[in-house]
Each structure stands twice: as structure tokens, then as C-alpha cells.
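Join these two chains into a complex; the hints should help.
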Amino acid sequence: GEQVEQRPPHLSVREGDSAVIICTYTDPNSYYFFWYKQEPGAGLQLLMKVFSSTEINEGQGFTVLLNKKDKQLSLNLTAAHPGDSAVYFCAVSYTGNYKYVFGAGTRLKVIA
Amino acid sequence: EAGVTQSPRYAVLQEGQAVSFWCDPISGHDTLYWYQQPRDQGPQLLVYFRDEAVIDNSQLPSDRFSAVRPKGTNSTLKIQSAKQGDTATYLCASSSGTGATGQLYFGEGSKLTVL
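If you read the sequences in order, they're chains A and B. Using our numbering, the letters of the first sequence map in sequence onto residues 1 to 112. Using our numbering, the letters of the second sequence map in sequence onto residues 1001 to 1115.
So here's chain B without its partners, still in its complex pose (with noise of 0.2 angstroms):
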């Protein structure tokens, strides 16, 4: 069974620029997370999915980040203008429709470099 997809692994950008990264879940599973997670500090939750519907996106600075989900598989974040502030790893995870009982598997993850 193929594992949680990402890409690109690295970026590295001046600020003001724009970058976007994909993720491809694990086949069949419905939910979908994205997870900011800057250095020697745990995953923070931006935004997930369930199947192409956004549950919540209470934490995605809406001003610069966006994203979608619109087939319900693949899913893409998006910063515009980045600043130094958003250095980080974006983490994308997946589970299948158990609730919050089953496990989140994690894709290797996109590094960020703002300078």
C-alpha cells in the first residue's frame, strides 16, 4: 500500500514569492489534514478535510495560505507571499472515516525556507 505523497520536499523562496505544495493521501481514506510544523516544535494544525468539504480551517492565516481539496483525493496548500515567518515543514496526514479513533499517516512532509 503506497504511503502518504508529497511534494515538492524542499522549497526554498524570498519573501513575497509564492509556493504551493501537494499531497496525495493513502487510497480510500476520506480525512485529510495539513499541518504546519516549524523547527524542534510540534505539527500545528492548519486545515482539514473531510472528503472535498473543509471542516475546519480555523487556523490557516486566511490572508496567505489557502487550500483545496476538490475530488476529495488530492489535496493543495497554498502561500502566497511568504514571509521569514513561515519557515517550516508542512506536514500532510490521511486517516479512513473512523472518527477521531484511528491513527493519522504522515507524508514525509515539504520543507520550507523563507529568506
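Isolated chain A, as found in the complex (with noise of 0.2 angstroms):
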């Protein structure tokens, strides 16, 4: 079914280290994959969105691996600095509808 596991929930890391945020999904019919950025009172940002089946995408300060064959989504914080302190959530897509499944989400403290 469409369920997406997201693991740490908690992630305390200290200026300068990185930062590994990992989702598991189950369903086959898994279509786009996104990861969002949400910090206090404020609406989920998107950092980035893969779809191939492996893939690595690289942003500023960031790492994001597709692997559809493990069904797995990570984040990759490289040299994490007290700004990227906020939530991370990882959200799928399906095909054959337009829904989008969250997962619960992971707090990540950056300590300076």
C-alpha cells in the first residue's frame, strides 16, 4: 500500500558533519519522490524532486540517492551548518492519481 517509512525522527549533528535522512516506501507504483524542508510556522519547502530509477542529485549542501530496486529515498546534508536546522519530510507520488504520501518526518538540530 502506500505507506513511507522515514527514519531518524530526531538528528542532532554538529557544524561541519553530515547529516544521512533515509525513507522506505513499499508500493511499486511509486512515481516521483521529493524531499521537503520545513521550518517553525512556516509551509514545506521543496529541496528537490528525483524520479529515475538511480539516481543522484546534487544541491547546494545537499545529496539526494534514488534507489527503486530497495525502495529507498535518502537525504544527504554534507557539511551541515545551524542554518539547515528544520524538518525534513520525504513525500511519494503515485501513478494513476494525483496523491502524495508524507512521511512523519525527521527534526534535525545542527549545533554550532
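Heads up, some of the hints might be wrong.
Each computed DSS-like pair below joins lysine-lysine, with the alpha-carbon atoms no more than 30 angstroms apart [unchecked claim]:
#, chain 1, residue 1, chain 2, residue 2
1, B, K1111, A, K99
2, A, K109, B, K1111
3, A, K49, B, K1111
4, B, K1078, A, K68
5, A, K71, A, K37
6, B, K1071, A, K71
7, A, K49, B, K1083
8, B, K1071, A, K99
9, B, K1078, A, K37
Cβ-Cβ distance ranges computed for the label pairs, FRET-style [claimed, not checked]:
#, chain 1, residue 1, chain 2, residue 2, range
10, B, K1071, A, G41, 39 to 47 angstroms
11, B, K1071, A, K69, 23 to 31 angstroms
12, A, N29, B, V1054, 18 to 26 angstroms
13, B, D1056, A, G59, 14 to 22 angstroms
14, B, T1076, A, G16, 20 to 28 angstroms
15, B, Q1084, A, E39, 37 to 45 angstroms
16, A, N29, B, Q1041, 35 to 43 angstroms
17, A, P82, B, V1054, 40 to 48 angstroms
18, A, Q60, B, R1039, 38 to 46 angstroms
Computed footprint of chain B on chain A; a stretch qualifies when at least three of its residues, placed anywhere within it, have a C-beta under 8 angstroms from a C-beta of chain B [unchecked claim]:
#, segment
19, 23 to 29
20, 89 to 101
Treat the hints as calculated values from the structure; they're not laboratory data. Note that the Cβ used here is the ideal one computed from N, Cα and C, for glycine as well.
Structure, rendered in C-alpha cells:
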């Protein structure tokens, strides 16, 4: 079914360290994959979307890896800084409908 | 380009009271979503529309929750006889008609506290 598991729920790292968040999905009809960032009191902001079966995408200060074989999506923040402190959510969309299902979120704290 | 606008930002109710949340999506976006986000949890889909039509409201507690989008633009989510378990942030999001490929654009949310 349409379930997305995200781990860890909380993550604390020192400035300059890396931080890795992983999502696992089960539905083979999963279509597109997204990472969102939510800062306090704000809506969710898109970091990146990915599609290809095995894809590494690099953004500003982070890398996203999609592995459809293992049904896993990961977000790796390289050299984290305090401004990265936020809640991160993965999301999955499905073929045949317009539904997007979100993970439970990871609260990241970067300590200066 | 204006983003997704939601109001009110905050609402505090006693159990049994009613509340309505309003959402103005990005102009031209034909798909609109309402999510419920309890504290420290991920957004959980309540209902979504394509233009004025409800596509999926299977997760909407139909006995107390209702949602409309009469002209395919703005939308209202109403909770009647609120319960403490309804305490959450209600997020509205919109997207353009690209199937399930496009990103969702979120409003800042309406935070509901039911005492």
C-alpha cells in the first residue's frame, strides 16, 4: 500500500558534520519522490524532486539518492550548518492518481 | 507570483465548536490538497480536488469535516463539532495539472487548538 517510513525521527549533528535521512516505501506504483524542508511556523518548501530508477542529485549542500530496486530514498546533508536546522519530510507520488504521501519527518538540529 | 494563502493562521476552540479554514491556491493551479499535520508528525492527506471536483476524500472524517472548492479556485475546509483530537495544523497545497510529477506548493498552515 501507500506507506512511507522515514528515519530517524530526530537527528542532532555538529556544524560541519554530515546528516543522513532515509525513507523507505513499499508501493511499486510509486512515481516521483520529493524532499521538503519545514522551518518553524512556515509551510513546506521543496528541496528536490527525483524520478529516475537510480539517481543521484546534488543540490546546494545536499545530495539525494533514489534506489528503486531497494525502494529507498535518502537525503544527505554534507557539511551541515545551523541554518539547516529544520524538519525534513520525504514524499512519494503515485501513478494513476494525484496523491502525495509524506513520511513522518526528521527533526534535524545542527549545533554550532 | 503570489503563493498559497491560508486563513486564519491560528484558531482556538472549545470542544463542540465549529471552524472554517480558507485557502487561496496559486493562480492557475488546478489541483488543491488539504492535509492535517498533528504536532511532530508528517502531513496526512484529508482531501484533494481537481478543479471543483473531489478526487479523493476517503481520509476525511465525513461526519464532522467537509471541504468544498465550488469554482475550482479557492477552497474551504470546515470542521463541525471539533474534538481535542482535531488539534493540528491544517495545510493547504496546490499544484499544476502535471499529474503526480509536479511539486506541491504549501501555504503556511492554519494551526488549530481544541481545548
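Checked hints:
{"no.": "1", "hint": "B:K1111 - A:K99", "result": "holds, 23 angstroms"}
{"no.": "2", "hint": "A:K109 - B:K1111", "result": "holds, 23 angstroms"}
{"no.": "3", "hint": "A:K49 - B:K1111", "result": "holds, 27 angstroms"}
{"no.": "4", "hint": "B:K1078 - A:K68", "result": "violated, 39 angstroms"}
{"no.": "5", "hint": "A:K71 - A:K37", "result": "holds, 21 angstroms"}
{"no.": "6", "hint": "B:K1071 - A:K71", "result": "violated, 39 angstroms"}
{"no.": "7", "hint": "A:K49 - B:K1083", "result": "violated, 36 angstroms"}
{"no.": "8", "hint": "B:K1071 - A:K99", "result": "holds, 21 angstroms"}
{"no.": "9", "hint": "B:K1078 - A:K37", "result": "holds, 27 angstroms"}
{"no.": "10", "hint": "B:K1071 - A:G41: 39 to 47 angstroms", "result": "violated, 30 angstroms"}
{"no.": "11", "hint": "B:K1071 - A:K69: 23 to 31 angstroms", "result": "violated, 45 angstroms"}
{"no.": "12", "hint": "A:N29 - B:V1054: 18 to 26 angstroms", "result": "holds, 21 angstroms"}
{"no.": "13", "hint": "B:D1056 - A:G59: 14 to 22 angstroms", "result": "violated, 31 angstroms"}
{"no.": "14", "hint": "B:T1076 - A:G16: 20 to 28 angstroms", "result": "violated, 47 angstroms"}
{"no.": "15", "hint": "B:Q1084 - A:E39: 37 to 45 angstroms", "result": "violated, 27 angstroms"}
{"no.": "16", "hint": "A:N29 - B:Q1041: 35 to 43 angstroms", "result": "violated, 24 angstroms"}
{"no.": "17", "hint": "A:P82 - B:V1054: 40 to 48 angstroms", "result": "holds, 43 angstroms"}
{"no.": "18", "hint": "A:Q60 - B:R1039: 38 to 46 angstroms", "result": "violated, 30 angstroms"}
{"no.": "19", "hint": "23 to 29", "result": "violated (count 0)"}
{"no.": "20", "hint": "89 to 101", "result": "holds (count 10)"}
Comparing the model with each earlier hint shows violations of hints 4, 6, 7, 10, 11, 13, 14, 15, 16, 18, 19; every other hint is respected.
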